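Undergrad: All residue numbers for the sequence shown refer to UniProt numbering, where the first residue is 1 and numbers rise by one.
No lab work stands behind these hints: they were computed from the structure. Some hints could be false.
Here are the simulated EDC-like cross-link-like pairs (lysine to aspartate or glutamate), alpha carbons at most 20 angstroms apart as the crow flies [as the list claims (entries may be wrong)]:
#1 Lys260 / Glu155
#2 Lys140 / Glu13
#3 Lys260 / Glu245
#4 Lys232 / Asp315
#5 Lys33 / Glu155
#6 Lys73 / Glu13
In this text, all values refer to a predicted model and were calculated from it rather than measured experimentally.
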Amino acid sequence: MISSRANTATVPELELVLASDPDVIKQVWINNKVHFAPYASDEAWLEKSRIRTNVDLGPGMGHSIWVLVPRGKGNDPTSILSAAHIILRPGLISKITSKATSELPTNKELNAQELKHSNTQHILASQQNGHLTESTHELKEIAVAYVLLVFTPIEHRSRGFANAMLRMVMDKLKHQTDPVVDLSYLFSAIEPTFYANLGWQMMRSRELVLDQLKSHVFPDLPLVDASAAGAKYRINNVTESDLREIVNEDVELLRSEMAKCTLEAPRGQNLHFVTILPHEEAFRTHFEMTRYSNLHIDHINRPITRIGVRLVSIDEHYKGLDAFVIWTYIPSSSRICILRLRYQTVHQLQCLLREAMKEAQEWGFSMVSVWDLNDKDALAATGMFNRDRTSWWLCVAQMEHENFGGSITMVANGAYTWGL
Numbered sequence: 001m002i003s004s005r006a007n008t009a010t011v012p013e014l015e016l017v018l019a020s021d022p023d024v025i026k027q028v029w030i031n032n033k034v035h036f037a038p039y040a041s042d043e044a045w046l047e048k049s050r051i052r053t054n055v056d057l058g059p060g061m062g063h064s065i066w067v068l069v070p071r072g073k074g075n076d077p078t079s080i081l082s083a084a085h086i087i088l089r090p091g092l093i094s095k096i097t098s099k100a101t102s103e104l105p106t107n108k109e110l111n112a113q114e115l116k117h118s119n120t121q122h123i124l125a126s127q128q129n130g131h132l133t134e135s136t137h138e139l140k141e142i143a144v145a146y147v148l149l150v151f152t153p154i155e156h157r158s159r160g161f162a163n164a165m166l167r168m169v170m171d172k173l174k175h176q177t178d179p180v181v182d183l184s185y186l187f188s189a190i191e192p193t194f195y196a197n198l199g200w201q202m203m204r205s206r207e208l209v210l211d212q213l214k215s216h217v218f219p220d221l222p223l224v225d226a227s228a229a230g231a232k233y234r235i236n237n238v239t240e241s242d243l244r245e246i247v248n249e250d251v252e253l254l255r256s257e258m259a260k261c262t263l264e265a266p267r268g269q270n271l272h273f274v275t276i277l278p279h280e281e282a283f284r285t286h287f288e289m290t291r292y293s294n295l296h297i298d299h300i301n302r303p304i305t306r307i308g309v310r311l312v313s314i315d316e317h318y319k320g321l322d323a324f325v326i327w328t329y330i331p332s333s334s335r336i337c338i339l340r341l342r343y344q345t346v347h348q349l350q351c352l353l354r355e356a357m358k359e360a361q362e363w364g365f366s367m368v369s370v371w372d373l374n375d376k377d378a379l380a381a382t383g384m385f386n387r388d389r390t391s392w393w394l395c396v397a398q399m400e401h402e403n404f405g406g407s408i409t410m411v412a413n414g415a416y417t418w419g420l
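Working from the sequences, and respecting the hints, build out all of it.
TA: Next comes the structure, spelled out in structure tokens:
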């Protein structure tokens, strides 16, 4: 018999099982349809879920469903007490680790100097409180886990099953070795008390909402450097055929930016900068799922002809990824959501957001959402302030691997960071 309060991870009659039985996986999706899409047919919701999880993100990466069940009942779809949808995604960490080595006997040793260099590592020397400090800089790919969904069937709620399951999930993530999970995120529409005692720490996530219904007016920008907004650029539509080129260039720029973050960071402390690597197949799968959902769940029979825009230099001798935006369509909340955004100037940013607003107007949507945009740039380009997120996964929490031993700065890259 299962106890009425299963509030620890060591409850002997419960176990966390990786779902492999098709009937169990099907039941997990049917259970959460009650909350997320009660108007959808079972068949349409199951097909959307299949599309969502059928994505190749590389070795060891991808989606998985874990279920909390009475021990020995892992293949019984009627025994699901709670379930978690987890995705492993490739990320990038740029970290600096510092340690004092010796007294500084000469002025020459007080100067920062490069001591050693390899493809992934720099060792720098600098002065810290009269001592020589060695700072090791490393840039490497990591596995980042997202607990995208935690769902307990209505009949099993208020009995501590979700709490017990999350403790087991945390233990699994901490001890996984193939691949090692360096960082994990938990998304929840419930207040932080739900997971605060489990080890995930609350993170602030901000959003900028441009209201189409209120006819948002963009501020006039100074003419200084105004050429960057359009005089030297043309606006090209982005379609799925452009994804490979854009994502490949974007990833290379992201690597350079991550390395720069660390090399410019203060010496003498352990720092970590983390980002999620954009992935071509993740985008393609998302748009396939959106098209299916539009047609079969939201009953919108309209093709998606562009997924964003790109500002392209008219200088034939200039090669590079200047500025672009990739967006997605969320009919259920009447909005366009920005998935990925890259720009060099505020003028470029405003130009890209104007195009997103035009697209929202074309579709009859009421708003455009941008997540974790730089506060200063958001205000300059739109005349509006970022605010705390109010839609989708209100709470975002973070748990790093125990051997990190230093502060973590998330280098946000739009909604793509947060699970879309």
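Undergrad: Taking the hints in turn, state whether each one holds.
TA: Each hint, compared with the structure:
no., hint, result
1, Lys260 / Glu155, "51 angstroms, violated"
2, Lys140 / Glu13, "40 angstroms, violated"
3, Lys260 / Glu245, "23 angstroms, violated"
4, Lys232 / Asp315, "7 angstroms, holds"
5, Lys33 / Glu155, "15 angstroms, holds"
6, Lys73 / Glu13, "10 angstroms, holds"
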